[in-house]
Amino acid sequence: MSDLKHQLQNVFHEPGCATNRAKSTETRKKGCTKQLAPGAAAGGCAFDGAKIALQPIADAAHLIHGPISCEGHSWDQRNSKSSGPMLYRTSFTTAISEQDIIFGGEKHLFHAIREIVEKHDPPAIFVYQTCVPAMIGDDLVAVCKAARTKFNRPVVPVLAPGFAGSKNLGNKLAGEALLEYVIGTEEPEHTTPYDINIIGEYNVAGELWQVKPLLDELGIRILSCISGDGRYHRIASSHRARAAMMVCSKALINVARKMQERYGIPFFEGSFYGIGDTSDSLRQIAQLLVDRGADAELLGRVEKVVAREEARAWAQILPFRERLTGKKVLLNTGGVKSWSMVAALQEAGMVLTGTSVKKSTAEDKDRVKELLGNDAHMWESLAPREMYRMLRESEADIMLSGGRTQFVALKALMPWLDINQERHHGYAGYDGMVALVREIDRTLANPIWRQVRKLAPWDLEAFSTHSAEEFV
Amino acid sequence: MAKVITSTKQCMTNPLRLSQPLGAALAFLGMDRCMPLLHGAQGCTSFGLVLLVRHFREAIPLQTTAMTEVTTVLGGIDNVEQGILNIWKKTNPDLIGICTTGTTEVKGDDLNAYITLIRARHPELDDVELVHVNTPDFSGAFQDGWARAVTRMIEELVEIPELGTRDARRVNVLPGSHLTPGDIDELREMIEAFGLIPTFLPDLSGSLDGHIPSEFTPTTLGGCGVDEVHGLGSAAWTIAIGAQMRGAAITLEHRTGVPYRLFERLTGLECSDKFMEFLSRISGVPVPRRYRRLRGQLVDAMLDGHFYFGDKRVAIAAEPDLLWTMSMWLHEMGCQIVGAVTSTMSPLLEDIPADEVILGDLQDLEVSAAGADLIVANSQARQAADRLHVPLFRMGMPIFDRLGTAHITTVGYRATRDLIFAIGNTLMAVDHEPTQATWVRDDMELPQSSSDFNILPS
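Chains as they are written, first to last, in this note's numbering: chain A, 1 to 472; chain B, 1001 to 1458.
What the hints contain is simulated information worked out from the structure, not anything from laboratory work.
Please note: incorrect hints may appear among the correct ones.
As the list claims (entries may be wrong) - Straight-line C-alpha distance at most 25 Å; calculated PhoX-like pairs for lysine-lysine:
| id | chain 1 | residue 1 | chain 2 | residue 2 |
| --- | --- | --- | --- | --- |
| 1 | A | K358 | B | K1089 |
| 2 | B | K1009 | A | K145 |
| 3 | A | K212 | A | K145 |
Said to hold, decoys possible - Footprint (simulated), chain A over chain B, 3 or more residues, beta carbon under 8 Å:
| id | segment |
| --- | --- |
| 4 | 1002-1012 |
| 5 | 1046-1057 |
| 6 | 1204-1216 |
| 7 | 1229-1236 |
Claimed, not checked - Pairwise CB distance ranges (calculated):
| id | chain 1 | residue 1 | chain 2 | residue 2 | range |
| --- | --- | --- | --- | --- | --- |
| 8 | B | R1121 | A | R389 | 30 to 36 Å |
| 9 | A | G137 | B | H1211 | 55 to 61 Å |
| 10 | A | G219 | B | R1387 | 35 to 41 Å |
Note that the Cβ used here is the ideal one computed from N, Cα and C, for glycine as well.
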């Protein structure tokens, strides 16, 4: 456990995080996870977060060392896409038994790694620690080290057992594993002055691919995306990028900051959600590359593409205005998404009833105020009961949220749209924002709403007074 | 007689097995005004929650004691206490079902003692039933957890009946975890048609059938009420469905003297006949006309459908009771069971009509399904089915890429009839049409010109 403890301290001491900087030494030591309330907690564990962050590495095998719950309940769930290898969608677990708990699970784990090597011959294997083997003291680092030597390939220990903390912490612990064992261990075949890393983008529903054509057009090469549509070799050689964009604001900040520290790769925090934000991100990428020696004409080309794409996107959103004007949207998500989608929704004529600012930074909250005015409703967390009430009483016409709260809206007979990780539509970049508006329109315009809200005939007051003759 | 083989693989690949705590939690979800609470790290709950939400397309009440590294090592009594109190304050349930997980089992948290202490400290909780069940996820599987939770509810909640309170019309039904809300509804209709009054423990048809509540409830809404469980002892009979429920039925019999009859499955003509015969015998009511007609429809469907089932090669991966149900019935329809993969031990496995039954994973299924005509398994077998180009008929849990999973029914004449149609249509859709090349063999010495066959108009 000393490795884990060490990593936890490492992660909690994150100078790149504004919230963390504002803390005293004492509170910083306690870490950034709120104490979870038994019986009133929601959300995934550290292992969940680690797997989310690394499993998009598509050509690697991902082996979960733990009892069946950890992997058996969670595999084949996230819709993170690969353009090539599919090994990441095959689920591997030791599914440890009582025997392992009594005698230790290290040998079992080692043999499991051997089987994966023999059957699938992957370029690398990520091995995830979970609560039970962490408790009984299985030394994951030692097993991975032995396997690395024996099978002559990277075998990466990921020390993020569920009880270490939240999903967000697990993201960061996964980042630590990459920093310690992967990044900087290989060299790219070639480099260009236009090489970037995109950090914290998982290519859910193929969102990376909504942006990639624009980068391709600009001649900007994604040296490595960490970790969407990822390949082991490319992440291992990502330290040669010229600049980096950190996408999911809080998840992998440690990776972005330490890569800056170790390899001098400057980064900025950006988002591909929203039209203005996509443009800003493209500009910032270009600026960082130019600062590091790329030809300054890139900036001009970016402006051209941005102008073309923005005009096109706004023009595509315009036709929806008539139908969407005045529609009230309840945005229940977190982080950058609490504001980055707002502009496009407003442009389509919609009104934001409120937004949740769970996981959002101070800057995120300022952006919300800027966009919605000072009396904008912001919730740290919105109780399902309150959500239900707001929808039921028509304070909102549609809720955009993650799958967890889907049925709060649907059971209130109100339209709902998935904007979190299990969705099947990509909403990134210019086309993505148009797609979002189109989806909202499609959802709101569905003729079922009028029908399902009607009472059954026998629930109408007039029902008892009907006489049979009326039906003749 | 099938040979039962435990996979010797060290690396489980594409797991079929779901855990005991999740099975137990689902059993508690069939209780009215209940909140299941998993005693473990919060991931144990959130993974299970997402899985159930995606399967049922319903809100799922499920809480966690949110164990951390420190509380795990020191023991989780404070977390259990806080968890129960928080749930009690926020959701005011009738029942909290507490399921342990691997972590708290390895530590050895003594739930029995914890609850005794918590009860002593908090008299305000007297109105809430607390039932705990030991469900380590490093042994057993989903259906074991379900059966254990039902057994524990019987032990904790069923009152010893007073003499003379037995009601000849009342019947307890203990459905296995492989039955859907739709199955429970179907069973209720059948039993009520004989003038009998069934009580289902648990009753997923009340809670997870997809109804629209009139207001927001944080607990389950609908299902078997705690009061109903108290009174199970005054029924005349207990019907258990699926071999997994035998233990629960015996526990109920020992506690209350209510005799039980176990039906290992209710899919197929003969086993549905036996069920009807039993209901008629215990009620003294002749089989209603409606079921006589449905039986005729099933016989007709068997006649129409057998062309498409005969000799078809089917590979099935499912928990033991569902594997038993589907393999026996498909065998009765003329199919060959070329692959049988399951998650946990059951006395039925040896009698499954296949050469071998593997306690394994979906990779084992993929191996045995090569060259098969049909795979029957949950949605997670979709990758294997795609690779093999074999159609997948989705059954079991989780099914997250199809609608209506709560209403897939397999019990009785009507459901069997509809299964023939659904599976028969799947098989019909992939029936191979002959081409000119079908009868050409490698060992034939064909003249050059015959290779032209593929340019002839087809």
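These are the hints, each one checked on the structure:
no.: 1; hint: A:K358 x B:K1089; verdict: holds (24 Å)
no.: 2; hint: B:K1009 x A:K145; verdict: holds (22 Å)
no.: 3; hint: A:K212 x A:K145; verdict: violated (36 Å)
no.: 4; hint: 1002-1012; verdict: holds (count 4)
no.: 5; hint: 1046-1057; verdict: holds (count 9)
no.: 6; hint: 1204-1216; verdict: holds (count 4)
no.: 7; hint: 1229-1236; verdict: violated (count 0)
no.: 8; hint: B:R1121 x A:R389: 30 to 36 Å; verdict: holds (34 Å)
no.: 9; hint: A:G137 x B:H1211: 55 to 61 Å; verdict: violated (48 Å)
no.: 10; hint: A:G219 x B:R1387: 35 to 41 Å; verdict: holds (38 Å)
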